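Here this note's numbering is used: position 82 in the sequence shown is 857, and no number is missing along the way.
Hint data in this document are derived by calculation from the structure and do not stem from the laboratory. Don't take every hint at face value.
[What the hints assert, rightly or not] Here are the simulated DSS-like pairs of lysine-lysine, each with C-alpha atoms no more than 27 Å apart in a straight line:
1. Lys-819 / Lys-1036
2. Lys-830 / Lys-819
3. Lys-984 / Lys-830
In this text, all values refer to a predicted model and were calculated from it rather than measured experimentally.
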Amino acid sequence: MITPLLLVAFPLIGSCFLISSVRADNLPKTAPLNQPLISANPQKNLEPKAIAILKAMSDRLAKARTLQFTAVTTYESPSRLGPALAYHTLSNVILQRPNKLQVISPGDGPASEFYYNGKTLVAFAPTENLVAIAEAPDTIDQALKFAYDTAAIYFPFMDFLVADPYGDIAGDLKTAFYIGQSQVIDGTTTDMIAIATDKVFAQIWIGTKDKLPRMIRAVYRNDPSRLRHQVAFSNWQLDVPISADTFGSTRANSAKPIPFKRPEPEPLEKKPVSKP
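Make a model of the complete structure from these sequences and hints.
Right under this line is the structure:
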């Protein structure tokens, strides 16, 4: 599922990635805003080459016992004038299968730290010195689902962390096609593919040699503004030994505790009605 951290919900970048039932060179450069990204009931059109590239990426990630990478997320939000503004978050990610994860996000926006050591989940806001802690499920997949269901903690690159990335991404695919190669992204040659579901259209750049994801861009079908969401991956390291103390924080342990739950909006105070 390509579908929203601490108590700071990250922009949704996936929950079924992309779909286009026509090739990119047949698309108009700018589609009218009232024109759907894909037809309401498209026939499945999964090109074998695109699926093979997607599976090769999934296999490379799934077989790695440890993963380290940097993810820069760019998401758009309408400005007061109408055209979208771009905002960014940076996340440094360290994962050890089957049950350890660290995500440090220094900003822009509120800084946050997330730790999972196989026993507990820790969501820490260092600026505010607040921490939420919960008992954790046994695997990364289960822990990520629990964090989202319980506290709205979400990472836009979650589909690349789970045990079976292909299964998460491809479950609802209606379209997948090969676009071509690029020598621009992250200083390496990548294969570009496009994928789509009934909800989202996405383009993914995957390393031709190392099979690692380098960038993904997505647009949601039900978004009339066609706002774009992007994650750029860099600094990949696979199967590098990781210290056990990576998946915890002594500073977080001494922070002010708050409930590990979904943040709720503050209730509006009702002013007493003055008597005439």
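Here's how the hints hold up against the structure:
Pair hint Lys-819 plus Lys-1036 does not hold up; C-alpha atoms about 39 Å apart against a cutoff of 27 Å. With a CA separation close to 18 Å, the supplied pair Lys-830 and Lys-819 stays within the 27 Å bound. A threshold of 27 Å between alpha carbons decides the hint, and for Lys-984 with Lys-830 the separation of about 14 Å falls inside it, so the pair holds.
Violated hint: 1 only; the structure is consistent with all others.
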